[in-house]
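Protein chains: 2
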Amino acid sequence: MNNLISIKSATLSEDIAQQLTNAIVTGHIPQGSKISEPELAKQYGVSRGPLREAIVKLEGLGLVTRTANVGARVIQLNIQDMLDTFTMREALEGMAARLAATTMSGEEVKSLYQLIDKHQAHLDANQDDHYVQQGGNDDFHLRIIHASRNTKLIRLLTEELYAVIRMYRRHTADQRSDPRQALREHRAILDAIANHEGDLAELLMRRHISRASHLLKQAMEHVSVASPS
Amino acid sequence: MNNLISIKSATLSEDIAQQLTNAIVTGHIPQGSKISEPELAKQYGVSRGPLREAIVKLEGLGLVTRTANVGARVIQLNIQDMLDTFTMREALEGMAARLAATTMSGEEVKSLYQLIDKHQAHLDANQDDHYVQQGGNDDFHLRIIHASRNTKLIRLLTEELYAVIRMYRRHTADQRSDPRQALREHRAILDAIANHEGDLAELLMRRHISRASHLLKQAMEHVSVASPS
DNA sequence: AAACGCATTATTGTCGACAATCTTACTTGA
DNA sequence: TCAAGTAAGATTGTCGACAATAATGCGTTT
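Residue numbers (UniProt numbering), protein chains in the order written: chain A, 1 to 229; chain B, 1 to 229.
Treat the hints loosely; a few may be bogus.
Identical copies go unnamed one by one, so any copy, or any two together, can satisfy a pair.
[What the hints assert, rightly or not] In silico SDA-like cross-links for lysine to any residue, where the CA-CA straight-line distance does not exceed 25 Å:
| # | residue 1 | residue 2 |
| --- | --- | --- |
| 1 | Lys42 | Ile116 |
| 2 | Lys34 | Ala188 |
| 3 | Lys118 | Ala41 |
| 4 | Lys118 | Ala219 |
| 5 | Lys110 | Arg169 |
| 6 | Lys34 | Pro50 |
| 7 | Lys34 | Arg73 |
| 8 | Lys34 | Ser47 |
| 9 | Lys34 | Glu14 |
| 10 | Lys217 | Thr151 |
| 11 | Lys34 | Gly60 |
| 12 | Lys110 | Glu197 |
| 13 | Lys110 | Ala10 |
| 14 | Lys217 | Tyr168 |
| 15 | Lys217 | Leu61 |
| 16 | Lys217 | His146 |
| 17 | Lys118 | Asp81 |
| 18 | Lys34 | Arg155 |
| 19 | Lys217 | Thr103 |
Bear in mind the hints are in silico, worked out from the structure with no lab data behind them. Note that this is a predicted model, so its numbers are computed, not measured.
With the hints as extra help, turn the sequences into a complete structure.
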């Protein structure tokens, strides 16, 4: 039915995996709903073969759970899982910040300061804005992660965990976060990295993420489920 | 050909994934070798369908890399990847130890002390032994990980990363490690946990893993590839 | 003799159909 | 009326075959 967005990829299976991921993260396929292979195959206009491969991939990403002879279900977001996930993020991104403190070049640091300044300017311009957590190269966290130079860490954080984290952000609408406070924390982390203070960078990154998780928790306690798209 | 070990599972795909994982970790399928779908399907006596699903799973575990229209290859162990992986372990198991310091019950702590004593006794009995890193419930690290009560962390460490780590241990034969030193470190970590000193437990666990990674690095620099089984 | 191009071959990607299992609805009995 | 058993339907798991892409080998050309 919605075969509109077709990101041509080398293989059908990858396409489907990509589209399914988006559909789940944005809520077009609601939480806890069953994944019907015949139905989805028809919707996306493919056979069940590639679709199944895509589902297996999504299981690896933790977006769906599968039980033998029964099928796949979209995960159901809940506070405990969110806290668990963010605790992992704390450990991993903390380590990334620590590593970045020794691996980042002067130019990289400079470029990141510019990014922060840009965010600051953007905030000053639109007071009401919600500091949209943009993915891509403009995301502070992604920059730090890549700066760690640790291939495994990068892959885990940006490919395997990213989808679920995006999903939590998306579905709780994340309104509570104070963008100016977040920006201040980003700057403090970057300062520590610029001074090659790995311990401090890790500590600050952990606090930063821990704070975000507390806010998300509050949001999840008060706000119900978010609507699609 | 080697259809001897058949762990009956609910679905063929799981079986194959399990067997393939073992074959790769033990070296029966050598590093860097190509995974031929027709060949393996014939060997295991299944069609290509379930086999492909298994391969997708292995890709998620990081045991093989796949390129479209070309196929899958077993990963090639190298020092840099090992160091990257162990750095992640440091962050994650360090966090697990920190969490365990607050979540472990008195009985659990007691039981772990008993396990350590058992290991000690085993070491005193067989002086020459290499303190075989047993998996299962007798592994100190696994106990700590599970004690963290963090489902996501547990799944990541024991299901996703475990295979690769096992592979590194296996292929470098890990002879260098000083089992008595390792045991002393285990005891120190447990002491910290028993005293509910999360910071210390994390620090000690990190050092412990870091030390192991250094030893593995030396082993990989001096020892060549290990033989199967 | 070496290199380029083309044809052949083999492997991967995809599809539709069959088998096995689970779910659901109905019937039957207490 | 409710419960249990059973049969029908639907869904997942598996298979073999076809299509598309990559790898291989041969012949031609310079």
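A quick look at each hint next to the structure:
Within a single copy, Lys42 and Ile116 get their C-alpha atoms no closer than 45 Å, and across copies no closer than 57 Å, so neither meets the 25 Å cut-off. Taking the closest pair of Cα atoms, Lys34 and Ala188 never come within 25 Å of each other, the shortest separation being 44 Å inside a single copy and 48 Å across copies. In the homo-oligomer, the alpha carbons of Lys118 and Ala41 never lie at most 25 Å apart, since the shortest distance is 44 Å inside one protomer and 55 Å across protomers. Neither within a single protomer nor between protomers do Lys118 and Ala219 lie at most 25 Å apart by alpha-carbon distance, with minima of 27 Å and 48 Å respectively.
Within a single copy, Lys110 and Arg169 get their C-alpha atoms no closer than 29 Å, and across copies no closer than 41 Å, so neither meets the 25 Å cut-off. Taking the closest pair of Cα atoms, Lys34 and Pro50 come within 25 Å of each other both inside a single copy (18 Å) and across two copies (22 Å). In the homo-oligomer, the alpha carbons of Lys34 and Arg73 lie at most 25 Å apart inside one protomer (4 Å), although the nearest pairing across protomers, at 33 Å, exceeds that limit. Proximity of Lys34 and Ser47 under a CA criterion of 25 Å is satisfied intra-copy only: 18 Å inside one chain copy versus 27 Å between copies.
Taking the closest pair of Cα atoms, Lys34 and Glu14 come within 25 Å of each other both inside a single copy (21 Å) and across two copies (21 Å). With identical chains, the CA atoms of Lys217 and Thr151 are at most 25 Å apart between copies only, with a shortest distance of 17 Å across copies and 30 Å within one. In this homomeric assembly, Lys34 and Gly60 come within 25 Å of each other (Cα to Cα) both inside a single copy, at 17 Å, and across copies, at 22 Å. Taking the shortest alpha-carbon separations for Lys110 and Glu197, only the intra-copy value of 16 Å comes in at or below 25 Å, while the best inter-copy value is 38 Å.
Taking CA atoms no more than 25 Å apart as the test, Lys110 paired with Ala10 passes in neither setting, with 37 Å inside one copy and 55 Å between copies. In the homo-oligomer, the alpha carbons of Lys217 and Tyr168 lie at most 25 Å apart inside one protomer (10 Å), although the nearest pairing across protomers, at 38 Å, exceeds that limit. Taking CA atoms no more than 25 Å apart as the test, Lys217 paired with Leu61 passes inside one copy only; the shortest distance there is 22 Å, against 30 Å between copies. Taking the shortest Cα distances, Lys217 and His146 sit within 25 Å of each other only across copies (24 Å), while inside one copy they are farther apart (27 Å).
Taking the closest pair of Cα atoms, Lys118 and Asp81 never come within 25 Å of each other, the shortest separation being 34 Å inside a single copy and 35 Å across copies. Proximity of Lys34 and Arg155 under a CA criterion of 25 Å is satisfied inter-copy only: 23 Å between copies versus 28 Å inside one chain copy. In this assembly of identical chains, Lys217 and Thr103 lie within 25 Å of each other by CA distance solely across copies; the values are 20 Å between and 33 Å within a copy.
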